[in-house]
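Peer 1: Here is how the chains run, residue by residue.
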Amino acid sequence: MRNQPAVSVAGLVKRYGSKAAVNGLDLVIPGAAVTAVLGPNGAGKTTTIEICEGYRRPDAGTVRVLGLDPVTDAAQLKPRVGVMLQSGGVYAGARAVEMLQHTAKLHANPLNVPDLVERLGLGSCGRTTYRRLSGGQQQRLALAMAVVGRPELVFLDEPTAGLDPQARHATWELVRDLRRDGVTVVVTTHHMDEAEQLADQVAIIDQGRVITTGSPEELCRGGAESSLRFDGPTGLDLGALLKVLPDGASVTEPTPGSYRVEAPIDPQLLATVTGWCAQAGVMPDRLTVQRRSLEDVFLDLTGRDLRS
Amino acid sequence: MTTSYSPAPGAAPVGRMLLAQTLFETKMLLRNGEQLLLTVIIPTVLLVLFSAVDVVSVTGPGKRVDFLAPGLLALAVMSTAFTGQAIATGFERRYGVLKRLGASPLPRWALLTAKTGCVLVTEALQVALLSAIALTLGWSPQGNALAVVALLVLGTAAFSGLGLLMAGTLKAEATLAAANLVFILLLLAGGVIVPLAKFPSGVRSVLDLLPISALSDGLRSVLQYGAGMPWSDLGILAAWAVLGLAAAARFFRWE
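Chain order of the listed sequences is S and F.
Residues in the first sequence are numbered from 85 upward in steps of one, following our numbering.
Residues in the second sequence are numbered from 528 upward in steps of one, following our numbering.
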């Protein structure tokens, strides 16, 4: 088991009509770790995950989940894999706790339901039926249903979409505990901070392919190192500032009164910028040195244009 | 104490899953107000109303209730196996319930078996209730119980196939509208409360082939007239069951 990947996908293709939703995708997901799958809307995240869950057959390529084929070995695989769909999945008239109890009954060694209910704050749902629960309560119930059967591997499709900060943190804590206890977690998300917080590995998908993988630290290290930002009066003489900066540096005013210096940031550069400000009689407000964030990496790789 | 999430996967024994799913589906159905209207209140009201008031002219021997009770037992089967099941399953499909259950250890065949179990439990409650009311209204059923059970079981199979076919192919809203429309049409034109003899003979020969007509006619021939096995009605129901279930198996879409 050790070193064997939990999921391996090679050359995966899935077409809907003439459009390829997934187009030659390769992905290896290590066991007992958290992998975040990022990508713009329509990149092929959900299609890929749903093929791994056995919902769709690939048009080409191979998919192995815990060493098995998700379609032909479905009966063996299903008890071992927990699934949280992007939405729905619960009888409209069911109450949260009874739905969770029912899901538990389909498994041989389920988690203790009252503990899980308390953990995810579902006790307050009381006799309210699913259709009248808040979006956040519905999400937490779906998460609880995904883990109650004590799976080896869980797929969480946008588990924190629409959650308030408390519920997001509760979800993150649960994911950390799953990882601690050796469960493999695959999570799709649009929240870059979520991926930075949780993931051991990040895979960025765009236009049906994986365009990069690595730990959040690895991904943030490459490319333009970092930037220094500060606020001041509008219309500072950037040409004069640029003259005192090392070669290759750039200075911009992305929004009026807000400045951004891009260069290898070291203490000397900081002293140069603040020294120039002192000479110019400018107070550099909200001065910050910013590491390149995962969001920057993501936008650099997938572009800044809106996707339909 | 912290909970351990260490993996310990496994499906529950299939018998336990089946029982749990059947009970859960039944609980969901009995909680649903619209379903209860359809399966309990409408047949009960029709039975009491038309037994007491001389609105429709009944045929055959005995009291009015002797004509009406078999028809309303047929209606009860149709309301649960066809209309109720189609609407509930259509919305379960729409809201991803069927999809999510597809990722659980419960096999597809077990889900469908549980649905059938839920229908049979509900029908047993309906039959008990309607029979009790009919008996207090002076109903005196004839014939043998085995023929009645055969008719109810084949009728359930026929209506389940058609209901699942509708739920698995149409949009949930379309299923809702169509299932209710079919319910009303078959209630009026399927020998439930209006005797088929009232229709012109050309129309009647077509209506006779409907599953509701076969079921109400078969139940009436046994319970009202005391006939033996109504083979032709059973044959019609069996044909609908084979057609409906085969088409449902072929065309049903889980998502």
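Source of the hints: derived by calculation from the structure; they are not laboratory data.
Glycine included, every Cβ here is placed at the ideal spot set by N, Cα and C.
Do not take every clue at face value.
Computed from the model, here is a short list of chain S residues facing chain F with C-beta under 8 angstroms [said to hold, decoys possible]: (1) D157; (2) A159; (3) G172; (4) H191; (5) P235; (6) D277; (7) E280.
Restricting the straight-line Cα-Cα distance to at most 20 angstroms, the calculated cross-link-like pairs of lysine-lysine (PhoX-like) are [said to hold, decoys possible]: (8) K725/F x K626/F; (9) K590/F x K725/F; (10) K189/S x K590/F; (11) K189/S x K725/F.
Peer 1: Hint by hint, work out which the structure violates, then give me just those numbers in ascending order.
Peer 2: Result: hints 1, 6, 7, 8, 10 and 11 break, sorted rising.
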